[in-house]
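Colleague: Sequence:
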Amino acid sequence: MVSSIDKPAASGRPKLTWDQMREMAQHDIGFYNHTYDMHRYGDTDGKGRKKPVTTRNLYLPDEKRIETEDEYKQRVKDDLIRAEARLKEELGNTRSAVALPYGAYNDKLLAVLDSIGVEASFMVKEGRNGSGDRNGFRINGGRSDQSPEAVIAKLKGQDPTKRKLVTGEGAKLKIDGEAVQFSKMLTGVATEDILVPLREICKKYEIKVDWNHKKKRAVMTTSQAADAGGIE
Numbered sequence: 278m279v280s281s282i283d284k285p286a287a288s289g290r291p292k293l294t295w296d297q298m299r300e301m302a303q304h305d306i307g308f309y310n311h312t313y314d315m316h317r318y319g320d321t322d323g324k325g326r327k328k329p330v331t332t333r334n335l336y337l338p339d340e341k342r343i344e345t346e347d348e349y350k351q352r353v354k355d356d357l358i359r360a361e362a363r364l365k366e367e368l369g370n371t372r373s374a375v376a377l378p379y380g381a382y383n384d385k386l387l388a389v390l391d392s393i394g395v396e397a398s399f400m401v402k403e404g405r406n407g408s409g410d411r412n413g414f415r416i417n418g419g420r421s422d423q424s425p426e427a428v429i430a431k432l433k434g435q436d437p438t439k440r441k442l443v444t445g446e447g448a449k450l451k452i453d454g455e456a457v458q459f460s461k462m463l464t465g466v467a468t469e470d471i472l473v474p475l476r477e478i479c480k481k482y483e484i485k486v487d488w489n490h491k492k493k494r495a496v497m498t499t500s501q502a503a504d505a506g507g508i509e
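Once you know that position 229 of the sequence shown is 506 in my numbering, the rest is easy, because the numbers rise by one and skip nothing.
No lab work stands behind these hints, which were simulated from the structure alone. It should be emphasised that the depicted structure is a prediction, and the values quoted were computed from it without experimental measurement. Do not rely on the hints blindly, as some may be mistaken.
As the list claims (entries may be wrong) - Calculated lysine-lysine pairs in the DSS-like style (CA-CA distance at most 25 Å, straight line):
| no. | residue 1 | residue 2 |
| --- | --- | --- |
| 1 | 365 | 354 |
| 2 | 385 | 327 |
| 3 | 328 | 341 |
| 4 | 327 | 341 |
| 5 | 385 | 284 |
| 6 | 341 | 284 |
Claimed, not checked - Ranges of calculated distance between the beta carbons of each label pair, as one might list FRET restraints:
| no. | residue 1 | residue 2 | range |
| --- | --- | --- | --- |
| 7 | 351 | 494 | 23 to 33 Å |
| 8 | 423 | 338 | 38 to 48 Å |
| 9 | 496 | 306 | 25 to 35 Å |
| 10 | 369 | 405 | 24 to 34 Å |
| 11 | 297 | 328 | 48 to 58 Å |
| 12 | 317 | 433 | 48 to 58 Å |
| 13 | 481 | 299 | 50 to 60 Å |
| 14 | 289 | 414 | 19 to 29 Å |
| 15 | 499 | 341 | 18 to 28 Å |
Yeah, the Cβ is synthetic: ideal placement off N, Cα and C, and Gly gets one too.
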């Protein structure tokens, strides 16, 4: 949020300063709108129910009522305009884009963005963007549990979770913690593990899965194991 740059003494992790951002901007690193002060949840009904303040009419405790549609739109518009103004004043931005807090949006918010000339907005849902996409997807590529190959597959528009099931005598099923894998066998020697979605395995081998969310346990039952009560 732009307010965290304007108010560096605020709580939370230390943020970049305007001077640091100006130095980085000289090396073609861009900084854009993440709202001025709307990356937060707010009360929507006076009963403790909180939602992203960018997409909900807020409860006004002093007046014991909920914002009207016009009040909601004006509040959101004022915040976004303030953020845009500060970015232009400090960094000389000539284009406008918004990374939506929590990725939350609705038609009302998109209409406000249009009204103030914001050219693009970005949510948190994964996917590739086309030339006509104004509300953009993103590729999550920074997780330690993701391989470079998986990220490249996403960039190519492929689904990295889709793998051809290895079947027949040359395949074995291995369940290890949360990972369900098929190990390819070559002349009797395991060579490469392929991550396979559990749903695909169950469909292929007619395995029924019952999830116990309280115990965080899955019971897998095949026709052969049904009489024995399943396999955990």
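Colleague: Take the hints in turn and mark each one as holding or not.
Modeller: Evaluation of the provided hints:
The hinted pair formed by residue 365 and residue 354 meets the criterion: a straight-line CA distance of about 16 Å does not exceed 25 Å. With a CA separation close to 19 Å, the supplied pair residue 385 and residue 327 stays within the 25 Å bound. Restraint check: the Cα-Cα separation between residue 328 and residue 341 comes to about 18 Å, which is no more than 25 Å; the hinted pair holds. A C-alpha spacing of about 16 Å is found between residue 327 and residue 341, which places the hinted pair at or below 25 Å, so the restraint holds.
In summary, the hint linking residue 385 to residue 284 is not supported, as the alpha carbons are separated by about 29 Å, beyond the 25 Å threshold. Straight-line distance between C-alpha atoms of residue 341 and residue 284 comes to about 30 Å, which puts the hinted pair past the 25 Å bound. Between residue 351 and residue 494 the beta carbons are some 50 Å apart, a value that contradicts the proposed interval 23 to 33 Å. Here the CB-CB span from residue 423 to residue 338 is close to 44 Å, well matched to the stated 38 to 48 Å.
Here the CB-CB span from residue 496 to residue 306 is close to 51 Å, at odds with the stated 25 to 35 Å. At roughly 30 Å, the beta carbons of residue 369 and residue 405 sit within the given window of 24 to 34 Å. The supplied range of 48 to 58 Å is broken by residue 297 and residue 328, whose beta-carbon atoms lie about 33 Å from each other. Take residue 317 and residue 433: their Cβ atoms lie about 36 Å apart, and the range 48 to 58 Å is violated.
Hint check: residue 481 to residue 299, Cβ distance near 57 Å, so the stated range 50 to 60 Å holds. Our hint of 19 to 29 Å for residue 289 and residue 414 holds, since their Cβ atoms are close to 27 Å apart. Checking the proposed 18 to 28 Å range against residue 499 and residue 341 shows it is violated: the Cβ atoms sit about 59 Å from each other.
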